[in-house]
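Q: Spelled out, the chains give:
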Amino acid sequence: MSRARDEFLKGFWKENPTMVLVLGMCPTLAVTTSAFNGLGMGIATMVVLVGSNVVVSLIRGIIPKKVRIPAYVVVIATFVTLVDMSLEAGMYNLHRSLGLFIPLIVVNCIILGRAEAFASKNSVGMSFLDGLGMGLGFTVTLFVLGAFREILGNGTVTAFVYQDTIVQWHLYSGAGVLHKTLVFILPPGAFFSLGIFVAVMNVIKTRRKRLDQEALDKVNEASRTAPSLQQPA
Amino acid sequence: MAEAHKDKPTDNTAGETGASAAGAVRPGAADEGAASSQGRTAASQGRKSDQGRTAASSLSNSSAKEPTLLMPEKLAISSSPHVHGPDSIAKIMWTVIACLVPAAAVGIYRFGLDAAVVLATTTGSAIVFEALFQKMAGKEVSVSDGSATLTGLLLGMNLPAGTPIFICVVGSLVAVGLAKAVFGGLGYNPFNPALTGRVFLLIAFPVAMTTWRLPQQMNAHGPKKQYYGMSTTWRDQAGKRLEQKHRNVKKVDVVTAATPLSALKEGWKKGTAALITHTDLLQGDRPGSIGEVSAIALLLGGLVLLLMGYITWHIPVAFLATMGVVAAITHGINPQRYAPPLFHVLAGGALIGAFFMATDYVTSPTYPWGKILFGVGCGLITMIIRLWGGYPEGVSFAILLMNSVTPLIDRFTRPRKYGLKLWSGPQEDAS
Numbered sequence: 234m235s236r237a238r239d240e241f242l243k244g245f246w247k248e249n250p251t252m253v254l255v256l257g258m259c260p261t262l263a264v265t266t267s268a269f270n271g272l273g274m275g276i277a278t279m280v281v282l283v284g285s286n287v288v289v290s291l292i293r294g295i296i297p298k299k300v301r302i303p304a305y306v307v308v309i310a311t312f313v314t315l316v317d318m319s320l321e322a323g324m325y326n327l328h329r330s331l332g333l334f335i336p337l338i339v340v341n342c343i344i345l346g347r348a349e350a351f352a353s354k355n356s357v358g359m360s361f362l363d364g365l366g367m368g369l370g371f372t373v374t375l376f377v378l379g380a381f382r383e384i385l386g387n388g389t390v391t392a393f394v395y396q397d398t399i400v401q402w403h404l405y406s407g408a409g410v411l412h413k414t415l416v417f418i419l420p421p422g423a424f425f426s427l428g429i430f431v432a433v434m435n436v437i438k439t440r441r442k443r444l445d446q447e448a449l450d451k452v453n454e455a456s457r458t459a460p461s462l463q464q465p466a
Numbered sequence: 008m009a010e011a012h013k014d015k016p017t018d019n020t021a022g023e024t025g026a027s028a029a030g031a032v033r034p035g036a037a038d039e040g041a042a043s044s045q046g047r048t049a050a051s052q053g054r055k056s057d058q059g060r061t062a063a064s065s066l067s068n069s070s071a072k073e074p075t076l077l078m079p080e081k082l083a084i085s086s087s088p089h090v091h092g093p094d095s096i097a098k099i100m101w102t103v104i105a106c107l108v109p110a111a112a113v114g115i116y117r118f119g120l121d122a123a124v125v126l127a128t129t130t131g132s133a134i135v136f137e138a139l140f141q142k143m144a145g146k147e148v149s150v151s152d153g154s155a156t157l158t159g160l161l162l163g164m165n166l167p168a169g170t171p172i173f174i175c176v177v178g179s180l181v182a183v184g185l186a187k188a189v190f191g192g193l194g195y196n197p198f199n200p201a202l203t204g205r206v207f208l209l210i211a212f213p214v215a216m217t218t219w220r221l222p223q224q225m226n227a228h229g230p231k232k233q234y235y236g237m238s239t240t241w242r243d244q245a246g247k248r249l250e251q252k253h254r255n256v257k258k259v260d261v262v263t264a265a266t267p268l269s270a271l272k273e274g275w276k277k278g279t280a281a282l283i284t285h286t287d288l289l290q291g292d293r294p295g296s297i298g299e300v301s302a303i304a305l306l307l308g309g310l311v312l313l314l315m316g317y318i319t320w321h322i323p324v325a326f327l328a329t330m331g332v333v334a335a336i337t338h339g340i341n342p343q344r345y346a347p348p349l350f351h352v353l354a355g356g357a358l359i360g361a362f363f364m365a366t367d368y369v370t371s372p373t374y375p376w377g378k379i380l381f382g383v384g385c386g387l388i389t390m391i392i393r394l395w396g397g398y399p400e401g402v403s404f405a406i407l408l409m410n411s412v413t414p415l416i417d418r419f420t421r422p423r424k425y426g427l428k429l430w431s432g433p434q435e436d437a438s
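One line per chain: the protein sequences are A and B, in this order.
Here the first sequence is numbered in the working numbering, starting from 234 and rising by one per residue.
Here the second sequence is numbered in the working numbering, starting from 8 and rising by one per residue.
Chain B with its partners taken away, still in its complex shape (with noise of 0.2 Å):
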């Protein structure tokens, strides 16, 4: 979730209106110091050609007088009448952030203290990379919007407990400098930061990101004993432990086991996937990334968000019930292999995904129809990798690949403007 209020050029008219001028290009030489010839041409070209973007940051580099901009500042509006809102990024930022609070306070509840020690890295050293790269590029530094701090709680959410420190500040340098500041800071960002600090994480360091602990307080009697691999119930182990410990064995400082989705690649019967239930994965008590594990925090933190106005229902809803009828006819097929549908929709990263990181303002689509189909792509690509791709989740995968074609839906589905045809194909851009 980010903010595009200034950003995102919503310009469904600027082009026809000829309001365009709200847009003028801004050439990299303009100004009377660079009055050489070079600076002169750049200026010229700048305005002439339609590709102002390009043309003008690549010949402001050549003009070196002015700072290098990545991309001009723009602001292209659509024709009057507007509506003043009365929100502002920093609104929106924290109060989503004041959504994510109670998952991640399951979180921390679930796996202790190393839950806390990676949200708190995470989150600090994405607020100290979005300043220090705004401080580089020249910028006005705006980490107290909330942003930088919404992407770091984002990535740490997403993240195991007991992530190593050092693997917590490469994830957030990813984020806050490869997926976001490279591309001209917040707004300009194609693909979601913490999905993509994510993202690199899991390839580049397979192992850590892979490592799930148990939780601290959990129901491993009855039947879930087997899940956990487990002879004895947790106490008797923890016993054990202590034995270990005093015959100078290496003590066993962490217990790991299967998320639920990973267990379910052995299948659902088959397998011990089946031993998790509705209940377990309600409350959270279950093996998985700090901010996924309870479904029902999440649920109360993305209607709050819904209530608010600050997200639409299109793209939750439009994801989680893909989800839900994919994985209700694979059930329906071949219920011995395939996870009911209410399974899939709990299990994973799956509501989280679709409350609090598909609904992006910058990289997920503008308009109702374009939402929708959005959220259908997560929700197929999400469920052809969990049915039959390598990895055992792909919500992320899934948002990421989506993130990558919202400018083309962006494109095909604006709304038919009052006295139009209905649908002229897809229209220029005002820029």
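Next comes chain A alone, as it looks inside the complex (with noise of 0.2 Å):
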């Protein structure tokens, strides 16, 4: 139970496929112009890599080796279309916004690195898993840096979006002392946005790490320091 809980915990922290494996940039650096995008992109990605693991983990044994990547693509191209199809017919506006960027979810890397280094090895229920932890830490990480980017570049915040309707709250319109600064959701933005998320998260994990590693010498150091564990020479 806790190597199930360990496969769909790491997708979010540990290795978060954006902010560690540094996987799928695509998608990351252009749709994430507003919170909505981002979600909408990781949520469309999030399914086609559950499918795509249960699927490929399902064939597993029976795809031969030297054709596997195709056959990957194939299944992948599968849900992409699935998922391309429904939004088209469900969500006209988002569907527009991210526009090529659905298809191109079929040469995701996160989608065939963890088809090829996860489902091809494991069992259904842990690739399912796997799927389920790294889309959703695709998803989530998708959905603070477009609102990352949403609010300091185009000063909203966005409450809901429903077929046409969209609600939102406008930050600093008037004559404030803020002012939108439009490059957050220009494509440099979308490297700077992506480069203070990693850096925030590098220090974080440094600092975490620095802390574990205090804490074992301060038991190493007892250890050594008290006699009742001291080994007879």
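Be aware that a few hints might be false.
Computed cross-link-like contacts, BS3-like style, restricted to lysine-lysine with a CA-CA straight-line distance of at most 30 Å [claimed, not checked]:
1. Lys142(B) / Lys413(A)
2. Lys438(A) / Lys451(A)
3. Lys442(A) / Lys247(A)
4. Lys146(B) / Lys98(B)
5. Lys438(A) / Lys247(A)
6. Lys413(A) / Lys272(B)
7. Lys243(A) / Lys442(A)
8. Lys354(A) / Lys247(A)
9. Lys146(B) / Lys438(A)
10. Lys354(A) / Lys299(A)
11. Lys142(B) / Lys438(A)
12. Lys354(A) / Lys243(A)
13. Lys442(A) / Lys146(B)
14. Lys451(A) / Lys146(B)
15. Lys413(A) / Lys243(A)
16. Lys442(A) / Lys142(B)
17. Lys142(B) / Lys98(B)
18. Lys298(A) / Lys354(A)
19. Lys298(A) / Lys243(A)
20. Lys243(A) / Lys438(A)
21. Lys247(A) / Lys451(A)
22. Lys142(B) / Lys451(A)
In case anyone wonders, no lab produced these hints; they're calculated from the structure.
Can you join these two chains into the complex? Each is in its own frame, and there are hints to help.
A: Put into structure tokens, the structure is as follows:
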């Protein structure tokens, strides 16, 4: 059970696909101009990831080694087509703003990477959890990145979007002190934001590691000085 | 303009003469505190690999003992003899600041209190950010050397008067933080910090950054009235403003106008750019950034720097001469459309760019031919953007683009060493 939990949780922090593995940069940089776009892209990718992980894991015994990549791509493309068509039918505006990046999920490194590195070697249940965790980690990252860029670059916070209704607050409208920093919804802003996020994550990780190391040192020190634990010479 | 005395590797010979001991790599975890196996691998790999910089810095993260250095401090020097110079970072920086003061003063005289507010905000916030980032990086706080002051002042001089305070502060944050601190501080920045800040602001706040004010004391008589789009003289305009105020009409706060270069986009004779005379450009009687309006003040400051030997003639002369040549050719081909050479050299930010920003020690080439190449590149890109680009002015983009090829230029323009072949190809760095 603990392994299942680990496989599920690793996508959020320890092996976060965007921030740690730095995979799937194309959608990460291109579509996170707003929180809603980021969320939509993340969920679309997650659905494809879960589906492809499960199917690849199911057929992992019958795919010949030499043609495994084309086989994965066919499986992934099937799910992408499903997602593409459902989005077009159900959420036309989102589909339009994501545009080409929906079909491009086929070649998303995260999905192909999980199929090759995980689903083709693990059981269906674990692959499902892996896909779900990675997909959710990706979605959360894209959503936060999109929200960050939208707030700074467009000055809006989107409450919800339903069909053609977009409810959002404008933060710095009027003659306030703050101004929206347009660059953050332009391509350079994507790199700035991602860089800031990775840097913050690294700072937290380094600090955590240092604290762990200090705690470990303390334990070692204690065990070395404690007379009861000393080995007889 | 920034310093590079201790940081910029002037490693003419360090590699070949075996003086590489001076450039010893400082591995991340060499001290005995982190004598875990991890620490040892880090140390040995740091010494072994030639990319000691990256190896040591990335591994020092994992050893978690040493404060993380972005790049190991090193001092690569050439072989003897050495001459000890009396200059220091602080002396050079404060001299350059002093040389900028006339141009800044003209800017304040032309655009009034708002210009002073912009300059004070950028300079002050640049100093604060510099101190903050140095503290965060665990370094000695060295704001008294004037490099942050210079960055802030240059940034402010590149903004229009009346830029909102928030935008000024963001500009300083980008200039000091994004362009300098994240690369390791003074001497490590690949791009000119003040210009990076300016270009960031130009992309981020396009409206505020292109709202140019009229000078307070302007000669709006004769044909120049047409340039400012006025049917009456300035005094009448002011009277009208009062009238409007009394009628509870929203009063006019600021009158804006196009800069000479944006007016030039309509064409030289067709548009109104030709109404700006060379005297206007020399005296700064025109809309523009705070620091760029007066050519005389900038030339004065640049000349002092040249005479004191803090900059050499190569970059400014190559820069401005290239612009002049391109302008002369295009003006010769189509005088209706393209402006004459002197207009191009005096208008816009060409002078402040050529004398004060392209000559930054850290981000410009070291050797004479490299400097000339750098200046020619700056001039060409500036003219291409001005004549056929989407922006009216291209000096800042040109300098930043050439900054990015500076290491390459430095590699290929090393001077011949006594006793060696004429040119032995690009040599490896002595790190």
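Q: Confirm or reject each hint.
A: Here's how the hints hold up against the structure:
Distance restraint check for Lys142(B) and Lys413(A): the Cα-Cα separation of roughly 29 Å lies within the 30 Å cut-off, and the hinted pair is therefore satisfied. Using a Cα cut-off of 30 Å, the hinted pair Lys438(A) and Lys451(A) holds, with the two alpha carbons roughly 20 Å apart. A C-alpha spacing of about 12 Å is found between Lys442(A) and Lys247(A), which places the hinted pair at or below 30 Å, so the restraint holds. For the given pair, Lys146(B) sits about 21 Å from Lys98(B) by alpha-carbon distance, which is consistent with the 30 Å threshold.
Under the criterion of a C-alpha separation no larger than 30 Å, the hint pairing Lys438(A) with Lys247(A) is consistent with the structure, at around 9 Å. Proximity of Lys413(A) to Lys272(B) is assessed by CA-CA distance (about 28 Å); at most 30 Å being required, the pair is judged to hold. Distance hint between Lys243(A) and Lys442(A) is fulfilled; the C-alpha atoms sit about 17 Å from each other, no more than 30 Å. A threshold of 30 Å between alpha carbons decides the hint, and for Lys354(A) with Lys247(A) the separation of about 20 Å falls inside it, so the pair holds.
For the proposed pair Lys146(B) and Lys438(A), the alpha carbon gap of about 22 Å is at most 30 Å, so the pair holds. At roughly 15 Å between alpha-carbon atoms, Lys354(A) and Lys299(A) fall within 30 Å of each other, so this suggested pair holds. Between Lys142(B) and Lys438(A) the alpha-carbon distance is near 20 Å, which keeps this suggested pair within the 30 Å criterion. Restraint check for Lys354(A) and Lys243(A): the C-alpha separation of about 17 Å stays at or below 30 Å, so the hint holds.
Between Lys442(A) and Lys146(B), the direct Cα distance comes to roughly 22 Å. Compliance with the 30 Å bound is thereby established for this hinted pair. For the proposed pair Lys451(A) and Lys146(B), the alpha carbon gap of about 28 Å is at most 30 Å, so the pair holds. Straight-line distance between C-alpha atoms of Lys413(A) and Lys243(A) comes to about 35 Å, which puts the hinted pair past the 30 Å bound. Distance check on the hinted pair: Lys442(A) and Lys142(B) sit about 22 Å apart at the alpha-carbon level, within 30 Å; holds.
Between Lys142(B) and Lys98(B) the alpha-carbon distance is near 23 Å, which keeps this suggested pair within the 30 Å criterion. For the given pair, Lys298(A) sits about 12 Å from Lys354(A) by alpha-carbon distance, which is consistent with the 30 Å threshold. For a cut-off of 30 Å, the pair hint linking Lys298(A) to Lys243(A) stands: about 27 Å separates their Cα positions. The straight-line distance between the Cα atoms of Lys243(A) and Lys438(A) is roughly 14 Å, inside the 30 Å bound, and the hint therefore holds.
For the hint linking Lys247(A) to Lys451(A), the alpha-carbon distance of about 25 Å falls within 30 Å, and the restraint holds. With a C-alpha separation of about 28 Å, the suggested pairing of Lys142(B) with Lys451(A) holds against the 30 Å cut-off.
Hint 15 from the list above is the single one not met by this structure.
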